[in-house]
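A.B. asks: My request is simple: use the sequences and hints to build the entire structure.
Just so you know, the sequences run in chain order A and B.
The letter at position 34 of the first sequence is residue 34 when you use our numbering, and the numbering goes up by one with no holes.
The letter at position 207 of the second sequence is residue 333 when you use our numbering, and the numbering goes up by one with no holes.
By construction, these hints were calculated from the structure, which means they are not laboratory data.
Yeah, the Cβ is synthetic: ideal placement off N, Cα and C, and Gly gets one too.
A portion of the hints provided could be inaccurate.
The calculated lysine-lysine pairs, modelled on DSS-like cross-linking and capped at a C-alpha distance of 30 Å, are [claimed, not checked]:
#1 B:K272 to B:K378
#2 A:K87 to A:K27
#3 B:K368 to B:K272
#4 B:K378 to A:K87
#5 A:K124 to A:K21
#6 A:K86 to B:K205
#7 A:K27 to B:K205
#8 A:K21 to A:K87
#9 A:K21 to A:K86
#10 B:K247 to B:K378
#11 B:K271 to B:K368
#12 B:K378 to B:K368
#13 A:K124 to B:K205
#14 B:K180 to B:K205
#15 B:K199 to A:K27
#16 A:K86 to B:K199
#17 A:K124 to A:K27
#18 B:K271 to B:K378
#19 A:K27 to A:K86
#20 A:K87 to B:K336
#21 B:K378 to B:K336
Computed far set for chain B versus chain A, every beta-carbon distance over 12 Å [what the hints assert, rightly or not]:
#22 E187
#23 R208
#24 D211
#25 G212
#26 S215
#27 D231
#28 Y300
#29 D364
#30 K378
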Amino acid sequence: MNNLNLSQTSSTPSILADWSKGIVQMKGDSYPENSFELFQPLIDWVQAYLATAGQPLHLDLELVYLNTSSIRSMMDIFEQMEAAHKKGQMVSARWFYDFANERVGQLAEEFREDCTFPFTISSKPR
Amino acid sequence: MIPDALPALESRIEILLHDPAASPADLHAALAVLYERYCLQEQMLARLIHISDKYQMAERERGLSHVEQLQRKVRQVEKIVRISDGYQSMLQDLHTRLTAISNHDDLTGLPNRRHMQERLKQTIAQAERNGDTVSIALVDIDFFKKINDSAGHAIGDVVLTRVAECMRQSMREYDICARWGGEEFLMLFPSCDLQNAAQLAERARAAVAKIPTDDLHAGLNLSVSIGYTEFRLGEAIDSTLKRADDALYCAKSSGRNCVIGSSASNE
Numbered sequence: 001m002n003n004l005n006l007s008q009t010s011s012t013p014s015i016l017a018d019w020s021k022g023i024v025q026m027k028g029d030s031y032p033e034n035s036f037e038l039f040q041p042l043i044d045w046v047q048a049y050l051a052t053a054g055q056p057l058h059l060d061l062e063l064v065y066l067n068t069s070s071i072r073s074m075m076d077i078f079e080q081m082e083a084a085h086k087k088g089q090m091v092s093a094r095w096f097y098d099f100a101n102e103r104v105g106q107l108a109e110e111f112r113e114d115c116t117f118p119f120t121i122s123s124k125p126r
Numbered sequence: 127m128i129p130d131a132l133p134a135l136e137s138r139i140e141i142l143l144h145d146p147a148a149s150p151a152d153l154h155a156a157l158a159v160l161y162e163r164y165c166l167q168e169q170m171l172a173r174l175i176h177i178s179d180k181y182q183m184a185e186r187e188r189g190l191s192h193v194e195q196l197q198r199k200v201r202q203v204e205k206i207v208r209i210s211d212g213y214q215s216m217l218q219d220l221h222t223r224l225t226a227i228s229n230h231d232d233l234t235g236l237p238n239r240r241h242m243q244e245r246l247k248q249t250i251a252q253a254e255r256n257g258d259t260v261s262i263a264l265v266d267i268d269f270f271k272k273i274n275d276s277a278g279h280a281i282g283d284v285v286l287t288r289v290a291e292c293m294r295q296s297m298r299e300y301d302i303c304a305r306w307g308g309e310e311f312l313m314l315f316p317s318c319d320l321q322n323a324a325q326l327a328e329r330a331r332a333a334v335a336k337i338p339t340d341d342l343h344a345g346l347n348l349s350v351s352i353g354y355t356e357f358r359l360g361e362a363i364d365s366t367l368k369r370a371d372d373a374l375y376c377a378k379s380s381g382r383n384c385v386i387g388s389s390a391s392n393e
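C.D. replies: See the structure below:
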C-alpha cells in the first residue's frame, strides 16, 4: 500500500500516512466540500493497514475545526482502531490542541469516549 | 410411506373389528402396524416443532440484532450531532471574540476609530429620524509627546490607559468614548445639546486633571484639552467632526487643560 501525503489547505488538513512507520498524522481544519473524496482514501488505508501490516498503528492529530461529515469520518477511523484493539492489535492516538483553545481538547474528549485503546489529549503552546 | 396406506389400514381394521369371523391375530397385527405409524407421525411432528422453534429463535435474534444495530446508529448520530454542536459553539465564541477584538483598541479597551465611526453613523441616523440632539467632544492629552519623550513609551501607555478609564467613568451610561487616534479620544453624547455637552466635557476634563501620577514619573501633570460641538440636522458627519477639531485647536491655543465649544453661531 502506498503512503498518503496530502498538503494542508484552508479547508482541509494535511494528511500523512506512513505505512513503514505505522503513523498517520493529520493537522489543520477540516471542512472539505467533498469529505468522501478526502477521507475515503484514508479510511481505506487504515483498514488495509490494520488488516495486513501486522504492526502497531499510531495516530497523531492536531485537528482544530471539523465539520459534521469530517466528524463522521474520524469516528469511522476510531471505530476501526477500536475493533483492531479488541482483536489484540496495538493501536494508539494522540490529539494535540492549542492551550489557548481549551474547547478543542474538550471535543477531542468526546471522540475518546468510546475508545478503550491508548488515546492521549495534550495541550501545547503555540 | 404410500399416501393412502394409512386410510386403507384403518378401513381394514374397521372391517376386522366388525367381522365376527376375523382372526384376533390379524386384528392384533393390523393394530400393531397402526400404532407404529402413529408413533412415527408423532416423531415427525416433534421434529417439525423443533425446526420451527429454531426458525423462530433465529428470526427473533435477527430482529434483536437489527434493533441493536439501529440503536447503535442512533447513538452514533447523536454523538456526531453533539460534537458538531460543540464545534459550532466554538466557532460562535471565536466569532464573538474576533468581533470584540476588531471593534476595540487593544491598549485601552475602548472602542476603536472604525467602531466609533459606525456608532456615529447609527446615532446620527437615529437622531435625524427622531429629531433628537447629538453632541461630540474631541479630547487630546496635553503634551503627550513630551510625556513619551521624558518618561518613556511604557509610561505613555499607562497614561493612555488611565485617561481612557477616567473618561469611561465620567460618562453617562449611554455615552461612548473611543480611542480616535494616538492620544486623541472622541466622546459621543446621544440626546445631548451643546449646553449639556459643555458640562459633560468639563466633567471629563476635571476628572483627568485629578488622575494620580506620582507613581508614574516625577513632575508629571496630566490634563486634556477638549473641543465639543453639537450635530446639526442634515449636515455631513465630517462637518461636525471638523467643528469639534477646530474647537479643540482653540482649546490648545488657549493654554490647554480647558474645554471649548463650537456652535453654528460662533463659527
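A.B. asks: Next, verify each hint and record whether it holds.
C.D. replies: Now for the hints, and whether the structure bears them out:
no. : hint             : result
1   : B:K272 to B:K378 : 15 Å, holds
2   : A:K87 to A:K27   : 28 Å, holds
3   : B:K368 to B:K272 : 26 Å, holds
4   : B:K378 to A:K87  : 82 Å, violated
5   : A:K124 to A:K21  : 24 Å, holds
6   : A:K86 to B:K205  : 21 Å, holds
7   : A:K27 to B:K205  : 22 Å, holds
8   : A:K21 to A:K87   : 21 Å, holds
9   : A:K21 to A:K86   : 22 Å, holds
10  : B:K247 to B:K378 : 27 Å, holds
11  : B:K271 to B:K368 : 23 Å, holds
12  : B:K378 to B:K368 : 15 Å, holds
13  : A:K124 to B:K205 : 26 Å, holds
14  : B:K180 to B:K205 : 37 Å, violated
15  : B:K199 to A:K27  : 28 Å, holds
16  : A:K86 to B:K199  : 20 Å, holds
17  : A:K124 to A:K27  : 14 Å, holds
18  : B:K271 to B:K378 : 14 Å, holds
19  : A:K27 to A:K86   : 27 Å, holds
20  : A:K87 to B:K336  : 76 Å, violated
21  : B:K378 to B:K336 : 19 Å, holds
22  : E187             : 21 Å, holds
23  : R208             : 7 Å, violated
24  : D211             : 10 Å, violated
25  : G212             : 5 Å, violated
26  : S215             : 8 Å, violated
27  : D231             : 21 Å, holds
28  : Y300             : 34 Å, holds
29  : D364             : 38 Å, holds
30  : K378             : 43 Å, holds
Violated hints, listed in ascending order, are 4, 14, 20, 23, 24, 25, 26; each of the other numbered hints is respected by the structure.
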